[in-house]
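Protein chains in written order, with the working numbering: chain A, 1 to 155; chain B, 1 to 293.
One or more of the hints may lead you astray.
In silico negatives: residues of chain A with every beta carbon more than 10 Å from chain B [what the hints assert, rightly or not]:
id	residue
1	G10
2	E56
3	N83
4	L84
5	N119
Simulated crosslink set (EDC-like; lysine to aspartate or glutamate; CA at most 16 Å straight-line) [as the list claims (entries may be wrong)]:
id	chain 1	residue 1	chain 2	residue 2
6	B	K8	A	E124
7	A	K144	A	D122
8	A	K115	A	E56
9	B	K5	A	E19
10	B	K147	B	D167
11	B	K63	B	E86
12	B	K8	B	E51
13	A	K144	A	D123
14	B	K8	A	E19
15	A	K144	A	E124
16	B	K8	A	D123
17	B	K63	B	E51
It is worth saying that the hints were derived from the structure and are not from the lab.
Computed from a predicted structure; not experimentally measured.
Think of the CB as a built atom: it goes at the ideal place given N, C-alpha and C, for glycine as much as any other residue.
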Amino acid sequence: MPIINVTINGENYEEDVPERMLLVDFIREQLALTGTHVGCTYEGVCGACTIHLDGESIKSCMLLAVQADGHDITTVEGLRGENLTPLQAAFNANHALQCGFCTPGILMNMTDFLKENPNPTDDEIRHGLVGNLCRCTGYAHIVKAVREAAQTSQS
Amino acid sequence: MFPAKIEKYVRPQSIGDALTAIGEFDDGDAMFLAGGQSAMQAIKSRMLRPECVVDLQDIAELKGIDMSGGGLRIGAMTRYVEIANEGSFAGGPFAALADAAARVGDRQVRNRGTIGGSVCWNYMASCLPAVVLGTNGSMNLTSAGGKTRTVTADDFFLGPLETAREDNEILTSVSWDAPAARSGSAYKKWGLVTDALPVVGVCVSVTVDDGGSVASATVSISGLADGGQRSPAAENALTGTDGSAGAIAAAMDAAAEAAETHTDLSANAEYRSHLIRSLGAEVAETALARARG
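With the hints as constraints, model all of the structure from the sequences given.
What follows is the structure, given as structure tokens:
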């Protein structure tokens, strides 16, 4: 079995993984970081497993764990420091989650999105959210929270 | 959805090492993995059961956009996000590439998926193969011993999931000749949801002469049952015209007439023909406006 070295949320891991193990399963099952969710039975359509690979949003069910060897990963557990990030706080304040299952993926995607586009229009936010499904249909509040987080971070 | 057993995973650092790795297995038992945004789906559903995965992510010579030399060369491992954000494509002969790349899947997919993966996978409903056809691109392939060959888009795309690439050949880049002055291109698709796979997409590249008339035109359609296809009918109908709304409409009528549209759960044949006309007219207008500057 190959040994991989990955940094996840600032911590180094050296782990044996079977070649066919998906990155999301490595994160959830082997490292027990269960904040990263599986929503669509690994079909790559729901975005709940979105993480940052070297700072960029990707779906962790679309990679083998061995492909992450040597890379730097952030999961939702690694977002906050002392306090909630402005985006997390805005989700809280705006009721941008109902059941919360899609939330980790959306937080990861929108954190990266806001870094790239700190002052987005609502259309841009909605376009940025295409890869994340919310089945409680709470998009209006999610868009509002992302907009507010952008404004908070700007001021 | 869980992959079948994979015996070996390798991550070569050079094209030569990648070819050596693939050569250690019988044809078809080892596969190159580019961005994996389609291939991993096939691996997870066990439609593909590779014994060996040769991951191309570390090969620097497969990455990047190069416009020195007049033409354009895009490394096979260049991602959609990089093509979508390439400022020099805006409003010019290669704008269709950015039009397409900016609307593939979603942000997460565009951060990972590559042009090389898309053209080698050649899914029937995909954007980049049709755009490479519609902009007259060529595929540069290398095989063991450093043997290289260049295959035009017309000869490369053989049908859904089939290309002229051999299993032991690596696509190194897609390239285009230097475009004529006053050239422009555009691409647009329609899918069931935002940025979904194309039910139909149309790519148009045009060059206009001094008087603004259409000197040459290339038209391709994505989402047909046989995958991305050129539309000679539309090209012939558009070439030599003044590029007026009437000329464009006639050309796209010819395209819809000649295309073999099919019916499936996404759309019936009649609606696909309608999409060719309406998207085609819009895309041709944009391409002409870009060509005229």
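Here is how each hint holds up against the structure:
1. No Cβ of chain B comes within 10 Å of the Cβ of A:G10; the nearest lies about 21 Å off, and the non-interface call holds.
2. The Cβ of A:E56 sits about 5 Å from the closest Cβ of chain B, inside the 10 Å cut-off, so the non-interface label is violated.
3. Interface exclusion of A:N83 from chain B stands, the closest Cβ pair being 26 Å apart, more than 10 Å.
4. At roughly 23 Å, the least C-beta separation between A:L84 and chain B is larger than 10 Å, which holds for a residue marked as non-interface.
5. Look at A:N119: its CB is around 17 Å from the nearest CB on chain B, clear of 10 Å, so calling it non-interface holds up.
6. At roughly 41 Å between alpha-carbon atoms, B:K8 and A:E124 are farther apart than 16 Å, so this suggested pair is violated.
7. For a cut-off of 16 Å, the pair hint linking A:K144 to A:D122 stands: about 8 Å separates their Cα positions.
8. Between A:K115 and A:E56 the alpha-carbon distance is near 10 Å, which keeps this suggested pair within the 16 Å criterion.
9. Of the supplied pair hints, the one linking B:K5 and A:E19 holds, its CA atoms being roughly 8 Å apart against a limit of 16 Å.
10. Between B:K147 and B:D167 the CA atoms are separated by roughly 14 Å; this keeps the pair inside 16 Å, and the hint holds.
11. The suggested pairing of B:K63 with B:E86 holds, with an alpha-carbon distance near 14 Å, which does not exceed 16 Å.
12. For the hint linking B:K8 to B:E51, the alpha-carbon distance of about 6 Å falls within 16 Å, and the restraint holds.
13. A distance of roughly 12 Å separates the Cα atoms of A:K144 and A:D123; the hinted pair therefore holds under the 16 Å criterion.
14. At roughly 7 Å between alpha-carbon atoms, B:K8 and A:E19 fall within 16 Å of each other, so this suggested pair holds.
15. Straight-line distance between C-alpha atoms of A:K144 and A:E124 comes to about 12 Å, which keeps the hinted pair within the 16 Å bound.
16. Between the alpha carbons of B:K8 and A:D123 the distance comes to roughly 44 Å, so the proposed pair goes past 16 Å and is violated.
17. Taking the CA atoms of B:K63 and B:E51, the gap is about 26 Å. The hint is violated against a cut of 16 Å.
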